[in-house]
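> Given only the sequences and the hints, what does the whole structure look like? Please build it.
Those protein sequences? They're chains G and A, same order as listed.
Here the first sequence is numbered in numbering that gives the first Met the number 0, starting from 0 and rising by one per residue.
Here the second sequence is numbered in numbering that gives the first Met the number 0, starting from 0 and rising by one per residue.
What you were told as hints is all true, and nothing was included just to trick you.
The calculated lysine to aspartate or glutamate pairs, modelled on DMTMM-like cross-linking and capped at a C-alpha distance of 20 angstroms, are: (1) Lys474/A with Asp206/G; (2) Lys408/G with Asp414/A; (3) Lys381/A with Glu336/A; (4) Lys368/A with Asp460/G; (5) Lys236/A with Asp460/G; (6) Lys463/A with Asp201/G; (7) Lys474/A with Asp201/G; (8) Lys408/G with Asp369/A; (9) Lys54/A with Glu39/G; (10) Lys54/A with Glu431/G; (11) Lys461/A with Asp206/G; (12) Lys54/A with Asp414/G; (13) Lys236/A with Asp355/G; (14) Lys408/G with Asp392/A.
Hints are computed from structural coordinates only; laboratory data are not their basis.
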Amino acid sequence: MKWKIVGFWLLVLVGLWAFFGTFGTATFQRQEEVQLFIPEWAVLRDMLSVPGGFCTVAGEALVQYYTSSWFVLWVNSVCLCGVGFLCYLLLQEVAPRGYHLLLALFPVLGLLKVHISPFYVLDGTLGIFLLLLFSYGFIRIRRTGVRLFYRVTSVVLLYGLAGQLVALYGCVVLAMCWVCRKEKRYVSVVVGLSGILLACADMRWGDGVPLTDGIYSERYQEAQLQPDSYLYYVWIRFTALLLVLFVTAFVLKALPWGKRLVRGGVVGGLSAVLFVFSSFCLPRAYEVRNNRMNELSVWAQRNDWDTIIREHPEKGVTDYADLNYLNMALAQKGILGDRLFHYDQKGPQGLLIPWDRTYYMSCLLSDIHYRIGDISLAEGYAMEGLTLAKRGGSPRMLQRLVQISLIRKDWALADKYLGILRRLPGYRHWAETYAGYVRHPEKIGQDEELSAKTIPAFQPDNLLCLIDIDSLWAGHLSEPAENRVAWEYWGCSYLLAKEMEKFKAFLLRTGISSKEPALPVHFQEAALVLAVEDLSVLGKVSVRPEIVKRYKQFQADILKVKNSGDGLPELYRQYGDTFWFYYYCKKLNG
Amino acid sequence: MNYRYFILGLGMFLLLSCNGALPAAEKAEGEVEIVPDYREVTIPCNIAPLNFKLKEPCEAIAFFTGKESHMRVDADNGSFRIPAKAWRRLLEASAGSTVSVGIYIRKEGRWFRYPAFSIQVAKDQIDPYLVYRRIAPGYRMWNRMGIYQRCLEDFTEETFLDNKLTNNNCMNCHSFCMQNPDRMLFHQRALHAGTYILADGHIEKLDTKTGRTISALVYPAWHPSGRYVAFSTNDTKQDFHLSDANRVEVFDNRSDVVVYDVERHEIITAPHLSSEEHLETFPAFSPDGRRLYFCSAPAKQMPESYREIRYNLQSIAFDPEKRSFGQAVDTLYHAEEEGRSAKFPRVSPDGRFLMYTVSDYGNFSIWHKDADLRLWDMLTRKTDSLQQVNSRDVESYHSWSSNSRWFVFSSRRDDGLYTRPYICYLDANGVSGKPFLLPQEDTDYYERSLFSFNIPELVKGKIKVDTYELVEVSKYGEAVQVK
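Next comes the structure, spelled out in structure tokens:
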């Protein structure tokens, strides 16, 4: 029998592994990015001295290795499997029944959904694991002396390890004693009340978020900047689910389990309910979308532009954040002006998405501006990202700030950030490499990335609110080295906004000298559009003959479409990858 | 008999070893670099141990020699954590004189002795508590922040209010009446917005937005009687520099100064304090409560003229009995003449000195690397540029101790971005000592910290507040509307 149970849970483990592997690990990898876990005794001591600190330390200690996909899969699968198994063991104390294996899957599925939420942290599951472990110990220890000692210390110990979770432990203990009938009621009441009172005392006199904040809706929790109340939200609901399972087990215990019909009915019924429940636990569109964004962010962090481009089918439907990553990748490959309109662009926000005051958007905008060379803006967004990171800071943003500080020649500040990164095991090597630049600033000139970037000291300083973005990008023309990325962004911003007069001025100012390499394809296409009003444009910029020929064909075909009133899909099929179709046929929102 | 001598000699050897006999050491050239830099600083006799570390981790000894007292501290990988009791005894014995600190470093098996540096121990005590806000130096967003009270005599820090208890809102501008922890106020912004006055155990929540003021009440300054609080009202904006090393510019489109009557819940002002043609801000009362100091600049088109705004330092008479202001405004600092801008005037409690901050332009000086402190002696009418106090980076917001012998100020001298509290001595004649960084138990504290210390305020005792009650009032309390 035991082998069947082990086999069942191994199957669950494999299933969880497959689920997380299919869903993707980027969401988890980003959790690593929003915490600053310094594994030094002075820091750990302070964290552990706070009730609940153990869960925080253990959670962050595991998450720091989330850069490895394998580790993500292992940790999450094992944690959920462990929780499920402990639930099964507790249910078995009500009565030994095979269908408890199915009942134990309910909390696993519930936690599975929560694990893929960007607002949840692993500490919560570790706390739940402790809750179940302590509860199991409570009901299983039979030796009188040990049992008494355990009763007294379990409450205090769990409070120290998991904080206000001890109130829920009190509830679970009370429920278990009622359904298991193995304890004298007053003992469980004393222990249960102790847990609840301890949590109340913490809420009254402590510095932490109160457990009662977890009662509020999920929407409220998602709006909080810290994960604490979301953990409480999950803990409260998990405990409620556990209590429902106890009651269910208690009720089903009364059924004559020996009869095959009863067995079939119970197992069938539970399976059906489990199936329905699992449908609520599947990832929502929001979580899938969020994971997609996280994947793009991870690839961008690794400079894996080819993968980003490959992941975007041409003419596929995309949203603004997607487009920002895609366009950034195209720009990094030097083909933004050649392939911009091969994709379903939606206006200038596809280049620079509006900032929504979240960590994720701060990272994205910092990346984009950094790659263009807008160092001040890149730094601003990086600082916002560092501030908004949920768990004390972001190593990724610190890396960006190191780079910017080196560009600014702020050696002391760069050194400070490097000093922090050096304390993080996953960033030590990177920090030591960059520390060399602080000690020997002359070596920055040999760094391919840093040497190409500079603070525009040659420009008169001004406030950014007094400069529009195209003036900012125009300023990059004066940089010592050619900044093709900024140039392409600048030109493409006009094309996406259909600001042809501005594009004309841009083209005449910057495009004339761009003979080798040739003007990007879409710039040439736009030149032809300009030439309709002003033929002299063609005297100043070079357009390839095959593009001219194609444009003439386009002009003929679009006339047919206008006259006949249909044929737009066919026009899109032939010219959807051109600026012309975007300019003449695409309506922009607003 | 021989074995007895042997045991005695062994015992003496052990005793001497335990009592810290110093190793034979070669003289080393140059000065030893320590972090924080506590060399030649002047400290109060009741300050917590000045734990420090060497720049490079190594085996080291620090030998403290005071008046009739000495102490040896062995480093832990270059880091010195001074025992609190021994430190207290040393300071008590050395108050009014000097403690000499000799550093011994072991390199490649040999000991080297660096020239000793000294620490002046003033007889004057400092107020035992420092209250500050700790916040990440973000630009527009905030996340975790809190107001904390730190005991300066040890390393205890307690939370006054942490914003995780108030739904991550913003809290700022804590201010005390004459360094009295039992009479204070602070603001909360965004959620649970209001001004909170804590007086003698009672918490009052105020809604300070009125139709006739620019904004809710902002920068506070208590009248010594506790009956009034001067505030500014500001329409403040923030933006980034394109290339300036200062990174961020914070400026007012409009601002005025008003005085709030705590008892009547009324706001009063005067034409000189709230004109359309000028930007008035940063009020501060004199210790006798008879004069109100403030900063004023001619209003200009903003943000275009942000570099042209320069604030004068001015004062006007105030009659607390009649709740009225004088007609004439005295100008103590002429911005256009001096070519710089003045802000944050604060008069020492004994009424002798006026300290303020200057920078090339503007008012939010924490983002101006050229910001420095200035000291005006109201008796001799001379200005001291405080060269020993200022650095090449920001020195700004300051507050006085109740005995006027100490002041604490904000500085970004360590790395140019993260604000740290520095404490400095000022004798009765206005001569300053070398400032020292607020000591921490862990010598790596500031290196690891990504938070700035904001609005450091010295207070005479611990704020006794029931945080739970404060949170309850914040979340559910009715705000009194200010008239």
